[in-house]
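Spelled out, the chains give:
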Amino acid sequence: MASQRTDISKINEKSPYTEITPGNQIYGGGGSREFKTGEWRTQTPVMNWEKCAQCLLCAPFCPDSCIPVEDGKRQDFDYDHCKGCGICAKVCSFNAITMKEGI
Amino acid sequence: MSIRERMSGNEAVAFGIKQVNPDVMPAFPITPSTEIPQMVSTFIANGEIDTEFIPVESEHSSMSATIGASAAGARALTATSSCGLAFMWEELYIAASDRLPLVLCLVNRALTGPININCDHSDSMGARDSGWLQVYAENNQEAYDNFLMAYRVTEHKDVKLPMMVCQDGFITSHAVENINLLETETVRKFVGNYEPENYLLNSDMPMAIGPYANSPFYMETKMNQRLAMKNAKKVILDVCNEFAEISGRHYGFFEEYQLSDADYALVMIGSAAGTTKDAIDNLREAGIKAGLLKIRVFRPFPDEEIAAALKHVKVVAIMDRSEGFSATGGPIGAEVKAALYDAGADVIAVNYFYGIGGRDYTVEDAEAIYQELIEIGNGTKKPEQFKYIGLRK
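Protein chains in written order, with the numbering used here: chain L, 1 to 103; chain Z, 104 to 496.
Bear in mind the hints are in silico, worked out from the structure with no lab data behind them. It is possible that some hints are incorrect.
Straight-line Cα separation of at most 27 Å, BS3-like style, residue types lysine-lysine; simulated pairs [what the hints assert, rightly or not]: (1) L:14 <-> Z:325; (2) Z:414 <-> Z:336; (3) Z:485 <-> Z:417; (4) L:14 <-> Z:260; (5) Z:260 <-> Z:325; (6) L:83 <-> L:51; (7) Z:485 <-> Z:380; (8) L:14 <-> Z:333; (9) L:51 <-> L:73; (10) Z:392 <-> Z:440; (11) Z:440 <-> Z:336; (12) Z:440 <-> Z:325; (13) Z:380 <-> Z:440; (14) Z:392 <-> Z:380; (15) L:10 <-> Z:260; (16) L:36 <-> Z:325; (17) Z:484 <-> Z:496; (18) L:10 <-> Z:325.
Produce the complete structure using the sequences and hints provided.
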């Protein structure tokens, strides 16, 4: 069955209408990885790693899952998807995150 | 074998739903469509069908839940009228652009305001550009038959569009008339099982429905909807032919009543066609060549077919049961006139409004309209566009 589905990785902004799936259905999972929405940002969170206590409060507060956690430690922001909402900077108890203007 | 019964239009559609036994029906009550979900929930409570009924808090939610169920992979439907449809507006476009084959049993009622519970077509005509298929019934029999044919069209791989199955509020929905029902086994065999190729609850084949589609994709999406709407023309006729084989009842895009040799014709939708047919019978006895084109399928709009069926007529009155407030014609008038123009048809066409908000439309009204068409045809009267039939002056 899966082989009958359109390979959506081949659909892009140059694709003619005949190659676009009915209702723009997206086949397969995890498509948002390919859909870079970070460019919507007007402000960007920047880490000061010296101040970061790895308390991990920021990660669950991020509404876009843009703070990856590996082996119990937060990593740098996923700037491909961070919208710059600033919630992480607001909840950080150690002032380790500052918002800078622009992307 | 057909079953002879007496039913209202709402009963007929509810009975059709029982026979089809769809998977999910979210609904919120509104006059005059309330009986449909009410009767279906009774069938469910009695254990006659296993449809999942979802009582919701509004029509915005009933259409949202129907969309969700359909996207999940269920055969889904809802019912509503008037402001209920208006409250679904946002979701109507989503159902169509997501290409979900769901069905809406619409009982036509005037839109508020002023508030009015009676029949006109302002609700569905307002939604005519939402990307839904629209099929209209003259009576309970047609409402039942149209519902039985609905999923065969909406679920067809070349279509995948939602359908409004419309009947006139109270006149059709509540009046009890004779009806021929099909055996449930025949209905289920005709409608078949719903086996969607792609659906959200299939964990083996994950997918997303309704993604963001800004300017690089929106126009292509609309073209694909347009093509599906065009494809629906052939599918509708194929399904009508198959339905004729099991029922003996023949349907198409429209019904022609005494039209083939008519000099004077009316074009209309819905229950008032029956009244007009009575007038035609009287006029034909008096030797007047009166005829009727009753539109059954309004979306997709059968423009070329309508123009071909009308092109021999001298004068036609296109009858709208809803205002468009363009300060010119109504929706049916505008589209039929455009169809005649595009076909180069040499037909004098007037566009009248009737039955607005449930105003009576009588055999005498219809006869008077034909009389006017005769006078327009022989030059003793100038065409007067956009009259309200039955307006107090």
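27 Å limit on alpha-carbon distance, applied to hinted pair residue 485 (chain Z) and residue 380 (chain Z): Status holds; Cα separation ~25 Å.
Proposed proximity, residue 73 (chain L) with residue 51 (chain L) (alpha carbon, max 27 Å): Holds: residue 51 (chain L) and residue 73 (chain L) sit about 14 Å apart, inside 27 Å.
27 Å Cα cutoff - pair residue 83 (chain L), residue 51 (chain L): holds, 23 Å
Pair hint outcome, residue 392 (chain Z) versus residue 440 (chain Z) [Cα-Cα no greater than 27 Å]: The hint holds at about 21 Å.
Satisfaction of hint between residue 336 (chain Z) and residue 440 (chain Z), Cα-Cα up to 27 Å: holds, 20 Å
Agreement of residue 10 (chain L) and residue 325 (chain Z) with the hint, judged by alpha carbon distance not exceeding 27 Å: Between residue 10 (chain L) and residue 325 (chain Z) the Cα gap is close to 20 Å, so the pair holds against 27 Å.
Distance restraint between residue 10 (chain L) and residue 260 (chain Z), which requires alpha-carbon spacing of 27 Å or less: holds, 22 Å
Given pair status - residue 380 (chain Z), residue 392 (chain Z), alpha carbons within 27 Å: holds, 12 Å
27 Å limit on alpha-carbon distance, applied to hinted pair residue 485 (chain Z) and residue 417 (chain Z): With a Cα-Cα distance of about 14 Å, the restraint between residue 485 (chain Z) and residue 417 (chain Z) holds, given a limit of 27 Å.
Hint consistency between residue 484 (chain Z) and residue 496 (chain Z) [alpha-carbon to alpha-carbon, up to 27 Å]: With Cα atoms ~20 Å apart, residue 484 (chain Z) and residue 496 (chain Z) stay inside 27 Å; holds.
Pair hint outcome, residue 14 (chain L) versus residue 333 (chain Z) [Cα-Cα no greater than 27 Å]: holds, 25 Å
27 Å Cα cutoff - pair residue 36 (chain L), residue 325 (chain Z): holds, 24 Å
Checked against the numbered hints given earlier, this structure breaks none of them.
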